[in-house]
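Asker: Below are the chains, spelled out letter by letter.
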Amino acid sequence: MASSQELSEFLEGIERRAFKQTVYAVRDEHAALDIVQDAMLKLAEKYPHNPVEEYPMLFQRILQNTMRDFWRRQKVRNIWTSLLSSFGSNNDDGENRDPLDTIDVGDPAQNPAELVQNSQTLQIIEKSLAKLPARQREAFVLRYWEEMSVAETAESMGCSEGSVKTHCSRALHAMVTMLEQEGFSRKEIGNLGVES
Amino acid sequence: MSNDNTIDQNVEQEKQAKKLVSLLDENAQRLSMRTLKKLDEGRNRAVKRHQELQGATVNADGTLSSLTSWVDHHRIAFAGLILFAIIGAFSILHNINNNETSDAFLLGADLPPEAFVDRGFEPSLNKRVNL
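Heads up: the sequence lines are chains V and F, in that order. Each residue of the first sequence is one higher than the one before, counting from 2 in the working numbering. Each residue of the second sequence is one higher than the one before, counting from -6 in the working numbering.
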């Protein structure tokens, strides 16, 4: 049985990745925060007596299900919004934006030119990841980012191992193609993430 | 031959994916203060709920204390405490039972209760008991 301390350490280790993964999937930072917070609470509430080793898979499953719930609710909301949109105008242009939202906790020692280049590359990668079909993105994230085995990914996604391999391969191919379309050569793609 | 090619292709694919993921991972560590604060709040809420469900509380120094963890750490002491409580309860019940028997004996006897306090009646009482 995992102690509360172990749960806290586990959540601390995955929360940032989980947040980014959710942002790529739902494309809304506020909704992503809610989803991650919700998933954390669900894990604590539903599996308080499970060993900590089971938490990565359980958390991913809860996170994916919470995202699906969000999409379902979003679909219903969109229908109502489109029906009622003619009755009012949307004046929310972000006037009440908090400056804290834009402060990045980055490495101040990094070269500014390098920072700009990395940030541009990242933007393209993030965009390509966000553009992937949901199942391909899910497979890519679980298999490569969460470092789950093919079997674990298949179990978490509720599909066969063959499907996981196919989704992963297609996801990677699509991402590389998008990078090439943005002007990256094969060599540059091969050197991504390598310290200069 | 084609099997070797597939393996090579898979290794290459994995390498490429790892590179993309390493950049994404690096980026995930750079979040705004507000987001980090919100994540922190969410985590604390989840941990608090976990503690409630496990019957634990947070000590003043930030360490966790719970009834279950106390039992785990003091298993022998806990077992001794339970045994002591059982023996105590048994002996109290036994005493109550004895008192009831002696009260009934005193009230049901022909002699007045004072006679049982007087030492002079002892041989006569012993004789009655033997009968």
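No wet-lab data here; the hints were simulated from the structure. These numbers come from a predicted model, not from an experiment. The C-beta atom is built at its ideal place from N, Cα and C for all residues, glycine as well. Check the hints yourself; a few may be wrong.
Below 25 Å or equal to it, Euclidean Cα-Cα: the simulated DSS-like pairs (lysine-lysine) are [unchecked claim]:
#, chain 1, residue 1, chain 2, residue 2
1, V, Lys43, F, Lys30
2, F, Lys12, V, Lys188
3, V, Lys166, V, Lys132
4, F, Lys30, F, Lys41
5, F, Lys12, V, Lys166
Pulled a few chain F residues facing chain V out of the computed Cβ check, cut under 8 Å [to be verified]:
#, residue
6, Leu24
7, Arg36
8, Ile89
9, Asn91
Asker: Now tell me if each hint is right for this structure.
Answerer: Evaluation of the provided hints:
1. Restraint check for Lys43 of chain V and Lys30 of chain F: the C-alpha separation of about 19 Å stays at or below 25 Å, so the hint holds.
2. Only pairs whose Cα atoms come within 25 Å are accepted, and Lys12 of chain F paired with Lys188 of chain V is accepted, the gap being roughly 13 Å.
3. Restraint check for Lys166 of chain V and Lys132 of chain V: satisfied, since their Cα atoms lie roughly 19 Å apart, inside the 25 Å limit.
4. Restraint check: the Cα-Cα separation between Lys30 of chain F and Lys41 of chain F comes to about 16 Å, which is no more than 25 Å; the hinted pair holds.
5. Only pairs whose Cα atoms come within 25 Å are accepted, and Lys12 of chain F paired with Lys166 of chain V is accepted, the gap being roughly 18 Å.
6. The criterion of a C-beta within 8 Å of any C-beta in chain V is met by Leu24 of chain F, whose closest approach is roughly 6 Å, and the hint holds.
7. With its C-beta approaching chain V no nearer than about 5 Å, Arg36 of chain F sits inside the 8 Å limit, and its interface hint holds.
8. The beta carbon of Ile89 of chain F comes no nearer than 41 Å to any beta carbon in chain V, farther than 8 Å, and the hint placing it at the interface is violated.
9. Because the closest C-beta pair between Asn91 of chain F and chain V is about 46 Å apart, greater than 8 Å, the hint is violated.
The structure does not agree with the numbered hints 8 and 9 stated previously, though it agrees with the rest.
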